[in-house]
Amino acid sequence: MSTNAATYVPDDADRRLIKATQVGLPLCRQPYHALAEALGLEPPDVQARLRRMLANGVIRRIGAVPNHYALGFRANGMSVWDVPDDAVADVGSRIGALDFVSHGYCRPRHPPEWPYNLYAMVHGRDRGEVEKKIETIARLLGPRDRGHKVLYSTHILKKTGLRLVD
Amino acid sequence: MRVTAADKRLLNDFQRDFPLEPRPFVRIAETLGVAEDEVLTRFADLRDRGMVSRVGAVIQPNTIGTSTLAAMAVPPERLDEVATVVNAEAAVNHNYEREHEINLWFVVTAADAIGLQEVLKRIERRTGLPVLDLPLEEAFHIDLGFQLT
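Line by line, the protein sequences give chains A and B.
Mapping to this note's numbering: the first sequence position 58 is 72, numbers consecutive.
Mapping to this note's numbering: the second sequence position 18 is 1250, numbers consecutive.
Worth double-checking, as some hints may not be accurate.
As a list, the in silico SDA-like pairs of lysine to any residue whose alpha-carbon atoms are at most 25 Å apart [said to hold, decoys possible]:
#1 A/Lys172 / B/Ala1305
#2 B/Lys1240 / A/Gly138
#3 B/Lys1353 / B/Leu1301
For the record, the hints were derived by calculation from the structure and aren't laboratory data.
Here the structure is a predicted model, which means the values were calculated and not measured.
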């Protein structure tokens, strides 16, 4: 595929398909037929569109989306790090490659109240498990860690799949 | 919470590469050596028990529409009230309370940048509190999925 997520523009049918699947595929024997019927598309077209969006990165993956919390991973720490701007791409990709980091991002700082530019989401059965993983990240960063915090979630106030807004 | 060995396989082995064929659950059933309807029943059960939030597509951020991570420092006594205002926005799909002075963290998704800023401004107006806008600049994770051991 020569297209990628940055250049591929999903058409109206793609958007309707994502909207219809964002609460999950229908759990029936022929889920793509069910979707096709609901959307007025042909079943092979539904599969082809999903395959295309996977290939060009609009869809990251299709499958079971586990709920960490319900599975016993009760500690959810959003670690945030202040690293030098010229190092963030290098250390970001190394931290993103750690198997226990589910999400890693670079985001803008808002000094003085928010000096952090690197985010790594870490899950554990308890805070002790998360803390050990945070230490691993800190060791990897060395002196490039100019300060960090771990923000544990205390309440999930809302959690739904992606919602497309018309 | 009880998770059987079969549940674990359904959770661990099918987080990606869900079969794109007319009868996808038949393919999964063959891999596990069980009947198609058994796979459907178990997935429905895992979903109903909240262990999987869905069997479906995970969308790459900022490919369809645009999104940001927003954060607010909310006085503890106002948290319920402010969370209600934030959650009332259809554009907000995750909202977490976190332990920090900046204690409310939520993801806003909109069709375009203008729509996104309108949501942030509306929340600021309705709550009288500033909203930090922390859009993604670069993503680093590989997203291997989540392994339950």
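Hint check results:
Using a Cα cut-off of 25 Å, the hinted pair A/Lys172 and B/Ala1305 holds, with the two alpha carbons roughly 17 Å apart. Of the pairs offered as hints, the one joining B/Lys1240 and A/Gly138 holds, with about 17 Å between alpha carbons and a cut-off of 25 Å not exceeded. For the given pair, B/Lys1353 sits about 14 Å from B/Leu1301 by alpha-carbon distance, which is consistent with the 25 Å threshold.
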